[in-house]
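There are 2 protein chains.
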Amino acid sequence: MNYSSAFIPTLREVPADAVIASHRLMFRAGLLRKLANGLFTYLPLGLRSFRKVEQIVREEMDAIGALEIKPTVVIPGELWKESGRWDSMGESLLRVKNRLDNDFVVSPTAEEAFTAIVRDELSSYRQLPLALYQINTKFRDEIRPRYGVMRGREFVMKDAYSWHTNNDSLDETYQAMGRAYRRIFKRCGLSVIPVKADSGAMGGSGSEEFMVESEIGDNTLILCKACSYAANVEKASCALDSHFRPSVEVAKAAASQTPPYEKIDTPNVKTIDELCAFLKTEPQNFIKTLIYRAVNVESDLSSAPAGSYTKAEQTKAAVPEAFFAVAIRGDLDVNEVKLASILKAGEVSLASDADVVRLTNAPVGFAGPVGLTSLPLIIDHTVTGMNDAVTGALAKDLHYKHVAWGRDFEAWMVEDIRTVKAGDRCSLCGGELYTKMGNELGHIFKLGYKYTSSMNVSYLDENGKSQMPTMGCYGIGVDRTLASVIEEHHDEAGIIWPASIAPYHVIIVPIKYDGEMKAAADKLSAELTQAGIEVLLDDRNERPGVKFNDADLLGIPFRVVIGDKGLSLPTPQVEVKRRSEKETYNVDLNKAAAELAEEIREELAKLNT
Amino acid sequence: MNYSSAFIPTLREVPADAVIASHRLMFRAGLLRKLANGLFTYLPLGLRSFRKVEQIVREEMDAIGALEIKPTVVIPGELWKESGRWDSMGESLLRVKNRLDNDFVVSPTAEEAFTAIVRDELSSYRQLPLALYQINTKFRDEIRPRYGVMRGREFVMKDAYSWHTNNDSLDETYQAMGRAYRRIFKRCGLSVIPVKADSGAMGGSGSEEFMVESEIGDNTLILCKACSYAANVEKASCALDSHFRPSVEVAKAAASQTPPYEKIDTPNVKTIDELCAFLKTEPQNFIKTLIYRAVNVESDLSSAPAGSYTKAEQTKAAVPEAFFAVAIRGDLDVNEVKLASILKAGEVSLASDADVVRLTNAPVGFAGPVGLTSLPLIIDHTVTGMNDAVTGALAKDLHYKHVAWGRDFEAWMVEDIRTVKAGDRCSLCGGELYTKMGNELGHIFKLGYKYTSSMNVSYLDENGKSQMPTMGCYGIGVDRTLASVIEEHHDEAGIIWPASIAPYHVIIVPIKYDGEMKAAADKLSAELTQAGIEVLLDDRNERPGVKFNDADLLGIPFRVVIGDKGLSLPTPQVEVKRRSEKETYNVDLNKAAAELAEEIREELAKLNT
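Here the protein sequences line up with chains W and Z, keeping their order. The opening residue of the first sequence carries number 21 in this note's numbering; numbering runs sequentially from there. The opening residue of the second sequence carries number 21 in this note's numbering; numbering runs sequentially from there.
No false leads were slipped in.
With a cut-off of at most 25 angstroms between alpha-carbon atoms, the simulated DSS-like pairs for lysine-lysine come out as follows:
no., chain 1, residue 1, chain 2, residue 2
1, W, Lys54, Z, Lys101
2, Z, Lys331, Z, Lys470
3, Z, Lys117, W, Lys54
4, Z, Lys117, W, Lys101
5, Z, Lys54, W, Lys117
6, W, Lys54, Z, Lys470
7, W, Lys90, Z, Lys54
8, Z, Lys54, W, Lys101
9, W, Lys470, Z, Lys54
10, Z, Lys117, W, Lys117
11, W, Lys543, W, Lys532
12, Z, Lys90, W, Lys90
13, Z, Lys101, W, Lys117
Calculated directly from the structure, the hints in this document are not laboratory data.
Input sequences plus hints: build the corresponding full structure.
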């Protein structure tokens, strides 16, 4: 392909909102343009790389026996109502009404569509396991799209779904997907961090996210310095505190030396810091008590105080609203994802000041576990280890000291609800944990019966009995993967493509596209193309400096410069440079095609094996 | 690929609405399933063929230098407002509002998006000509989707757009596209009828449709028995009537022998047939006069009678509503597409009875050209040849006879507005015209300045002067092309795929997938796969008859049957059958892979050259 025919509108200036390298470089190198906020057009060069990522994903899916299908992008709303996600999905779901007033969604993900397809075709256990996938357009109505295609509104996702007669079969496909994902990212030249969502203390491995490190990542990752532990902070656990007490009895015994708890006046003391200064103590010695409001709670609340929740209108329905007191060591934060998961709640958030006052019968800032009978009390594991603590006393300007769990109060639930942070200890090996910011590129997940149950999928087992299949889902964002490759492979001058994803393998730069240089460039280009190598030939009438800068910006893995000097040598020479290296080296013009083809094949083989 | 792992849910029964062969066979052979009315899922086998059509289209676009890009499917409504199509497109445009209340459309076509992209990047004439395309999801909110993917709501279209500094350059790309389209359809094994929209008498060739014959086609085609003339009836012209008078003077002279026109009483005569019976004459001798209402008329109406149209509010804006009298020979029909095109009107339709009465000052059924001063009169060419005609007399139960154009009335316009029909004469060669029903698979079209003007696209020419580029657009429906291949290539037993589009090239059917037969089948499959041939191996535990029927239904071009008898011969034999032929022939097992590979390559070469 000649450069002048390839529509590569490179830019010196980039839009002000392009704050990350991939966004900047995709615009500068002419890979991408903006159509509207969060909507982008891939230009020819960008699309070439995009298609290569797609193809790698397709090959790896096919290799594990997943079958590609293509449902529509616009999906009947009925299916989403069946699964319940029409209501639960929130505003990021783009809903449409057509001329006949029928509801549709522009697919953000396709559990419903795939489940509906399989529901209609599945009859016998012999058809299982079955894994289907698509590589197709998705839409998520992000309220603040940004970072280019890293978080756009429309994007392409490979989403796969599988159905199984039993958990072992699901696990087998789940593991195969995990291996395929590792291969996909390796072939793209990406370093990913596979993050098990509930590894370690919580047991099992029903979900794994594939993250890349990124300063603008949406996710905080918790990693261990000593072992391979990696988790999303939303789900991360850590080793139990050494003071952990396994039961009320043990805690009582540990508190036997603690004086009885007593009231202390704390006038005008509002924050934990002020309290610590006032009492000359540390946050670790304080039991922080927060009041949470939860909605759509599915866990059993029958033992919670009567006034703390609204009864559901129907039996078995979720409780629409419930309040909880949550106690944790003063230096730690409550992890709301863990809390919501424990309560099986749709959402949890701090209660309003009015609710706090009403429910604790005390001003905001003085909640505490002792004597609190109006709310179910959930305590973090760390609180079990505190046998001489300071807490709010449920009255203005008053606190208690010498408080101990087991002796002075008990809990409705004892759970891991802390947000793990750098410096905590690994639950697997005890090593020190640290954090990184990460972006999720892929996610594999054991769904279980969520969709097959709500959408009534069944098959006949060996005994002719109707059974419900269990299900897994597996996604990869194609755009985000491509952008992440650029994030990982660039320098100040531009992109440094891995050969597997590069829009072209070789850029040929004749110093002047004229006379002998033109002839040599054309010949080399033809030979390389013949050998299956993808060539961009810079045929522009530009100064060499401009051409070199553009070659660096575009990031083509190999650059071949053809100049008069080299050609006039007894054995004509061309100059080769890898984009990833500083040094150039000379190659005989006549051997250049064969040698380059060989190097590129090696490069590709390295990535693909 | 083993049949049992390929998810091919074949059907005996098909949905009642599957009335055409491709719809029926795509369901029966497990290529397609319905998700909702007009929304379909391609299953693995269908998607393989679909991707092959896509790839053929892509290769042919690339071969003529068009560059693939990928805008989004969801497009900002703002761009459609700029072009004016937000309002003019009607209800088939799927409009969406997102959470921020911004307008979007789910793209039915992408003139706006492509023009916006080029507008931002185009600066110099050196960048032109430029041809860009996408192969992407489209949505058209059909009120009555039917015939499976032949007329679905969501579909995939290849749409290309080109920009040029002048008409010669546009014509060059337009011609190249036409050639590429012919190659695409040939490679798919399709017989298409290229239909020039305005060939022949009307001159030029700014639009060409690629049609396939189809009993359920949306289009009536007019074809010549003697030459290659082919046109959509909406635009078809025919040879002028032999009585055609070129001017009012010639007509006057021809009418010199005709008695003066006179009023005749025609009580209770309502239709042309009744009138012919009453006057003992033929419809050919009657001038039919119809009153039309046109909206958004852009042609110059300054010479039309004042009361016949509503003035536009702004100068240069289209006239919102105008009325016309249209006269044509009594045995012919007015072609409303031609009429709208002549008037540059958004739409034309017969005026309401009330408007007819108001404007002609006579009951409905008695309009005529003589004495009609309230409306601009447009006459078809045929009326110029009538010098002794019957017409309405603009009064109840009255007609005129002996009417002649030029002598008794003149016209505001003389144009070709007739609907051509079978039996008319070809405008190119005088041969007899006949009709066929057809479906449009592709369309190439010279757009001119419509979008570059409304959306303000410009570039600097050689002299640094700002100029507006001219534009072409070129579409092919991928789904419809695929379905049309099945329409053309099938029999009672199933599909007969051309090798280029077949989901697999060979189906291997061991009589029993066991023992020696299994070994031979596996070996042949491996050898063929090694040779680049796509193989489906029927590994199912089914009776041979079932397997043979399914092989016929799926339409794989070559079937190889492996049986005990053939294998036990001194030189083991397998039985080969082309799907397109009745006869089987035996091949040495050891030579089978090489021979089949050779035959398939020949078959592909035949289609591709």
